[in-house]
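From just these sequences and the hints, can you work out the full model?
Number of protein chains: 2
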Amino acid sequence: MTSQQLHDLGGRSRVAGRVLATASTAAKDAALHAAAELLETRSAEVLEANAADVAAAQEAGTTATVVDRLRLTEARVRSMAAGLRQVASLADPVGEVVGGWVRPNGLQIRQVRVPLGVVGIIYENRPNVTSDAAGLCLKSGNAALLRGSTAALRSNQAIAGVLRDGYDKVGIPPDALLLVEDTSRESVVDFMRMRGVIDCLIPRGGPSLISAVLENATVPYVIDGDGNCHVYVDAAADLDMAAAIVVNSKTQRPSVCNAAESLLVHADVAERFLRLVAPGLAGVELRGDAETVGILGADRVLPATDEDYAREFLDLILSVRVVGDLDEAIEHIRRFGTGHTEAIVTSDLGAAQRFQREVDAAAVMVNASTRFTDGEEFGFGAEIGISTQKLHARGPMGLRALTSTKYLVVGSGQVRA
Amino acid sequence: MTSQQLHDLGGRSRVAGRVLATASTAAKDAALHAAAELLETRSAEVLEANAADVAAAQEAGTTATVVDRLRLTEARVRSMAAGLRQVASLADPVGEVVGGWVRPNGLQIRQVRVPLGVVGIIYENRPNVTSDAAGLCLKSGNAALLRGSTAALRSNQAIAGVLRDGYDKVGIPPDALLLVEDTSRESVVDFMRMRGVIDCLIPRGGPSLISAVLENATVPYVIDGDGNCHVYVDAAADLDMAAAIVVNSKTQRPSVCNAAESLLVHADVAERFLRLVAPGLAGVELRGDAETVGILGADRVLPATDEDYAREFLDLILSVRVVGDLDEAIEHIRRFGTGHTEAIVTSDLGAAQRFQREVDAAAVMVNASTRFTDGEEFGFGAEIGISTQKLHARGPMGLRALTSTKYLVVGSGQVRA
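Here the protein sequences come in this chain order: A and B. My numbering applies: residue 1 is where the first sequence begins, and numbers increase by one. My numbering applies: residue 1001 is where the second sequence begins, and numbers increase by one.
To be clear, the hints were calculated from the coordinates, so they are not data collected in a lab. Honestly, I wouldn't trust all of these hints.
Stated by the list, open to error - Which bits of chain B does chain A cover? Going by a derived footprint, with three or more residues having C-beta under 8 Å, they are:
| id | segment |
| --- | --- |
| 1 | 1094 to 1108 |
| 2 | 1192 to 1202 |
| 3 | 1218 to 1224 |
| 4 | 1357 to 1371 |
| 5 | 1404 to 1415 |
Claimed, not checked - Some, not all, of what chain B presents toward chain A, calculated at C-beta under 7 Å:
| id | residue |
| --- | --- |
| 6 | Thr1022 |
| 7 | Leu1116 |
| 8 | Leu1214 |
| 9 | Met1241 |
| 10 | Ala1244 |
| 11 | Asn1248 |
| 12 | Gln1252 |
| 13 | Gly1379 |
| 14 | Gln1389 |
| 15 | Lys1390 |
| 16 | His1392 |
| 17 | Arg1394 |
| 18 | Gly1395 |
All values derive from a computational prediction rather than experimental measurement. Ideal placement from N, C-alpha and C gives every residue a C-beta, glycine not left out.
Set out below in structure tokens:
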């Protein structure tokens, strides 16, 4: 695909976006339901395309983990359809009055939520993102311009085709969902530079994608970044609670960004706590400082380097450090954290308050697992990602993160003096 | 200044930002008052530095308009001090609870406003921006890292020096305000790439600065862009009101971004309206379509090109077009507008509603001058700029636009199943 072709796709997205911007909630929900129904009735078509992607990936020697991410099943397709229906059931953010007031000169000002326009998403192998992202964009009144991976192209084409047919059935423009079919490395840079077409780019991928966006993008974007999440066990912690939280944060799903990567323990309780938590972390490789090694032994704990403390393992590995006090814990998090999710376990109100005030992260937890930083768990119904930046949206991004606002001003002839 | 020096400044900003993030409203307000008082008592120092800048600019043959922007007077310095006191009087956005709820599992979630951290601002000749921006950043708990122009360097240094002394007097770190003294072209690119230091960049300047930001910035930014603002006079307009609004929008202060640049008139009232408004636009050059020329005559109206319709004149020039209906007006704005401020004058509710719904701009006005898109006029007390982008902030940016949020989650041992 040449840039001209990308440009044509962009033009179609913008036209669709304009229609969606003023589409009623009922019309958008009908399209989501129609798409969900078609996904179920035409699942064989989706699974067949997916089988071709999976076979090609296996032939190319792709790792089992990656193939698993790529693979769809009847159950996964049903879950995509359920996801679309779930999004239909959520409140429409468009039109929400964020605030309103009257000025002394009588001007009435309202700030209302409006769609962004065209949302561009770059993502990797999971084909369900095609459906999930399309649903969230549609509900929030945005056209979705999606760019998935080469490995998932056939699956994505099949899913997008089905969804577009669903939209069309109820009078929503099918171009509300467009898939970029040129998945070459060059075209991804063109995609990031579609200024005037893409109103918001959400790159969902690893560090190399993120740095490509920082270097090349001219469109506005929201970064869904790394999570080097810490759990700090305070001197005043309920140690059983702390052990449950640490084990859950680390092991419940180690491959995701809100899993804990590092454990900080107050020196006063280090010995008792580390012995208490160790059995629950039986399958976890520990990399600790000298104190941790001294308590649990060199056969259980590898020595940790600064690289270990800085790393998002996304695996059954946990870095551990014994700290002298709350200040040292906060300073460690300042140095190594990525601003995603940080948790303290404590019964001390003052410590909880200081931790929540001084730690700079999208979510700061007291006595809860880091795994709760998630759109569903926060009650947003669904999420398009988790922002680790501070502008526009921070933390789990639900439908509101896919909107902007505009000011509606109504006067009766006011002019400025 | 080398990159290393910029890096050192950045490090100092970050340290100051951390202190400011948890500073009390009382402490920040005391610093603003102390800075305002010092500005008044040391105004001679500021005016002396400014006189040197003005003399150098005049010697270099700078235009009178630019010299005027650069020039400070006793009254302008007093007005800067009054601005700082005004900001002190505004509500502190930090700590504001944006929302809060309890999840079925008992997790308590609050979303609270927090400072961004370090705000970087690139600006041109007006030295008052140094004080205005510093005040808004301080009140919102952010360190300000400012980069003004070469021509205003002595003025900016004097103002920053006075403000820093004011902060210091009441125990706020003076590094809450830092001025980049290397104003070379190369250093501006380094400035835009201070990722990990600058949490939000606000470039305040012309198109060449904006494209430099789009091409080079790796830090998050908010664009304060052009305003090609339209006034559309509908068939159902009160024509006297419309004339007052058009004249005010165009002539009250033609050099600013919320001044009108283009007039659209419904064909049904074009003849009457154009004859009615013409005397009020006596000093304004008109560039119109054939219908406008036909009505007002070729000696009054130059023929307009598409370039005229696309242009932000920032001068006493107005492009004019007669349109067949509301759709044509909306389509013209879609094609030529910059998403800043668009106004309709009408007594027809349906037309007003459609215009506000379908026109995609930061502010959409009914029966009011475009000149009202302004932080003070909106009631924000002050503004750091007017965003023409859709992410983070759109329209006039007050103190809230200088904040992010974080989620505070409090549990009692919850883990994910």
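We went through each hint and held it up to the structure:
Counting residues of the segment 1094 to 1108 of chain B whose C-beta lies closer than 8 Å to any C-beta of chain A gives 3; at least three are required, and the coverage claim holds. Using a Cβ-Cβ cut-off of 8 Å, 3 residues of the segment 1192 to 1202 of chain B lie near chain A, which meets the minimum of three, so the contact claim holds. Only when three residues or more bring their CB closer than 8 Å to a CB of chain A does the claim for the segment 1218 to 1224 of chain B stand; here the count is 3, and the claim holds. Interface restraint, the segment 1357 to 1371 of chain B with chain A: holds (13 residues with C-beta to C-beta distance below 8 Å; minimum three).
Coverage of the segment 1404 to 1415 of chain B by chain A holds in this model, with 12 residues showing a Cβ closer than 8 Å to a Cβ of that chain against a need of three. With a cut of 7 Å, the hint placing threonine 1022/B at the interface with chain A holds, because the nearest CB-to-CB distance is about 6 Å. Interface hint at leucine 1116/B: satisfied, since its Cβ lies 5 Å from the closest Cβ of chain A, which is below the 7 Å cut-off. Annotation: interface hint on leucine 1214/B holds; nearest CB of chain A at approximately 4 Å, less than 7 Å.
Among the interface hints, the one on methionine 1241/B holds; its C-beta lies about 4 Å from the nearest C-beta in chain A, closer than the 7 Å criterion. With 7 Å as the threshold, the beta carbon of alanine 1244/B comes within range of chain A, its nearest partner Cβ sitting at about 6 Å, so the hint holds. Given hint, asparagine 1248/B at the interface with chain A, holds; its Cβ is 4 Å from that chain's nearest Cβ, closer than 7 Å. Taken as an interface hint, glutamine 1252/B checks out: its beta carbon lies about 5 Å from the nearest beta carbon of chain A, inside 7 Å.
The beta carbon of glycine 1379/B comes within 6 Å of a beta carbon in chain A, closer than 7 Å, and the hint placing it at the interface holds. Here the hint on glutamine 1389/B is kept, as its CB sits about 6 Å from the closest CB of chain A, short of 7 Å. For lysine 1390/B, the interface hint holds, the least distance from its beta-carbon to any beta-carbon of chain A being 4 Å, beneath 7 Å. Given the 7 Å rule on beta carbons, the hint for histidine 1392/B holds: about 4 Å separates it from the nearest Cβ of chain A.
With its C-beta approaching chain A no nearer than about 5 Å, arginine 1394/B sits inside the 7 Å limit, and its interface hint holds. Interface hint at glycine 1395/B: satisfied, since its Cβ lies 5 Å from the closest Cβ of chain A, which is below the 7 Å cut-off.
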